[in-house]
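A.B. asks: Single-letter residue listing:
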Amino acid sequence: MTRYALRRLAVALPILVAVTFCVFVLVDLAPGDPAAAIAGEHPTAERIAEIRASLGLDEPLLQRYGSWLLDALQANLGSSLANGQAVTDAIGDRLPATLSLVVVAMLITLVVGLAAGLVAALQHGRAADRAITAMASAAIALPPFWVALVLVMLFSVQARWLPAIGYQPLSAGLWPWLSHLILPAAALSLLPMAEVALQFRQAMVTVLRQDYITNAEARGLTRPRVLGKHAAKNAAVPVTTVFAYRFAQVLGGTVAIESVFDLPGIGRLAVTSVLNRDIPVLLGLVAFTTLIVLVINLLVDISYGYFNPKVRT
Amino acid sequence: MTRRARRAALAVATVGLLMPLAACGSGATKDADGGGPTADPSTYDREATIRVGTPSPFSALDPAKQANIGENTYTFLIYDSLTQMDASYQVQPMLATSWEFAADGSSLTLKLRDDVTFNDGAPFDAEVVKTNIERGKTMEGSSLVAALAPIDQVVVEDPHTVRLDLVPGLGADLPATFALNAGMMVSPKALAERADELALDPGTAGSGPYVPVEVKTGEQVTFERSDDYWNEDTAYAATLVVRTVADQAARLNGVQTGALDVAQISGSAPVQEALALVERGAVQGDKIAQITPVVLMVNAERGDLAKPEVREAIGLAVNRTEIVEGLFSGNASPATQFYPEDYWAADPDLAAPELDIDAAKALVEQAGGAEITIAAATGSTAEPVAQALQTQLGAVGIEVDLQSIPFAQIDEMYRRGELDAQVVNASPAPDPASTLTYYVTDGFAAARGFGDVLGTLPAEAADPTKSLDERAAKYQEIWKVMADNDMWTPIVRSEQVWVRSDKIANVPNLPWVRSGFPSYRDIAMVK
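In order, the protein sequence lines correspond to chains Y and L.
Residues 1 to 313 in my numbering are what the first sequence spells out, letter by letter.
Residues 1001 to 1527 in my numbering are what the second sequence spells out, letter by letter.
In short, the hints are calculated from the structure, not lab data.
Keep in mind it's a predicted model, so treat the numbers as computed, not measured.
It is possible that some hints are incorrect.
As the list claims (entries may be wrong) - A few chain L residues facing chain Y, derived, Cβ under 7 Å:
1) Val1245
2) Thr1257
3) Gly1397
The C-beta atom is built at its ideal place from N, Cα and C for all residues, glycine as well.
Let's have the full structure, built from the sequences with the hints guiding it.
C.D. replies: Quick look at the structure:
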């Protein structure tokens, strides 16, 4: 298993380089000039040229990317062009909000999605199954951004139960923290939750028809034990795949959701850095989020070995 | 009617326009709970905390490192500047009590206040002015180099008098420029001890009425009132929390749910939504006409825009009334020139060309047809105007492609000559000399196609030895030449709404409020 994990890590590094290089090229090709963005109001052309030179923006693209990569490999992601803040600090300041949002969203996804999928599988073909399947299919079609606005309207503006904007750190207390995350996390989790529910339902329906389940029940094992130990474990593989895939999507979805709920996370930082052409911050964010997605994928790959020992070989 | 009399009449008309708008939603100048466009200062809650939602992001709170004009919303609270603009866009004293140009225009002498101390205890004097200006001119990465370029050297004449020797022919715009970050003074103690930290942690480096006690970069700044501020008629709230809320809906929701006390709403659809909420009584609101126009600027060296007939056709085909009514639902006014009619250098008699579709069609036919690309900043209020222009110009035979470009880049790309045309929510400099230098006279590619139509007029208008009236007359000539040559086509001046709780007062009177980046020093909450 260790060798398997190391092999996967070795593949991750070139992916990381390729992704950051693509973003570097895309930012370079996009119209505009980072020097103009930081030169102040009404700058002269000469002043912009001076700033370009001082930031090394006149150097060839490959040379600039090479310098960034060398520094990044030494854990130095550089500083923001806009204010000189270290990129690691900029990401670190905003990570708690995004991490909280993603964790709560994925928890909702797992708990509600698995529960709904299980109920649908156990009630296969009946009204509950049809209702859950219909609701999940509808949920997949709803854009999270729109869902977020509706949730705010219902639960913040009308009912005044939950805050419409802002974030409180966990250190401010469990409820202040959670109350600011429930609505954005619910909006963000709707789609993955629906997919998890549908996938788990289908996998459970298939597994519950297998002979070894009948045998286990014939041997007198309790229903919860049959479901938990034998059925759910085997049905978990496709769900895990969906979970990993949707994790990346949820991380990307924070860009829009953080704007709607005014959460000070890395999604909003990404928007600002794109608008300001703050290349070091943008590259740092891309490298960081790519790394997170790769790590999650790695953990998922490893988990396949737990659910299905055949893949370990 | 003399110009002065006309200006006075316009000022009265503007105030007359502003007040009913300001009272929008409350039906009077006071709300039920005592807030409103104006309120009795004796009712102000001096211990109040006011939470402001602004669309303006900030990245650096050091005046010499500010990248955009919106960051002034934060730095206005921390730093005093040499001069200030009042709500009607007139230059007024602040740290400088008076200023005077030399008879030959070679220098500008400023008399300074003698009772100001920075929040870190350092005294304010002429040496501080010299240190700050020289820093702004020479510091690596300074964003003030262009603004301070007219100053050749700074001479301290006595502790409270400073003389700025000027580059010949430049400097008329300095009194107005000093009302922005170019005139903000930073404590010499802070500059000596921790200049590199000021962008993210200005602390007590200013002499302003508020001290930032918590800076969450890119998110919000919490300010507390300074105990010994020299001006008692400001800083009514004990604490101000100014928060960057990029999304219009989030700002609106924030005020509705009480997470914010006041927030700025701009753009056609959000303003309509905000006004509907004001109408229903869900929030209070002050509707304020903006000084910034949405303008179509063209590059006469590119493609079909090099043909004078095409440029003239554009002027004749733009239907401002349709844009005001159709796009802004009436929450805007047609713009005929870069500065609003009540501004000192505007020409109250300059009219937009009459809409004449047939004449425009004939001109386009004469030019053999036309294809142009119009750029607008992504997500800006200018973008829907560009879309409307695409339809209106299409109706006279001008084929328009639209291009969406990030806000921070569009102006610079236009000036470098990389765009056919841009529709921009222009931010006129406080003095037209700076505006013309920026867009026209400094050799920028976009202006080259017009040749030397302005001749020596910009230099004459920016002559510091001339009186304001004499300068105004020259600028009126300039606007006319520019209109005759279709260099810029001002389209509309939009209105913004400050949604607020019914306890918030003074929004329409905030300095710079008509520019969209107010100084919140004077905002108040009633008890």
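A.B. asks: Looking back at the hints listed earlier, which ones does the structure fail to meet?
C.D. replies: Of the numbered hints given earlier, the structure breaks just one, which is hint 3.
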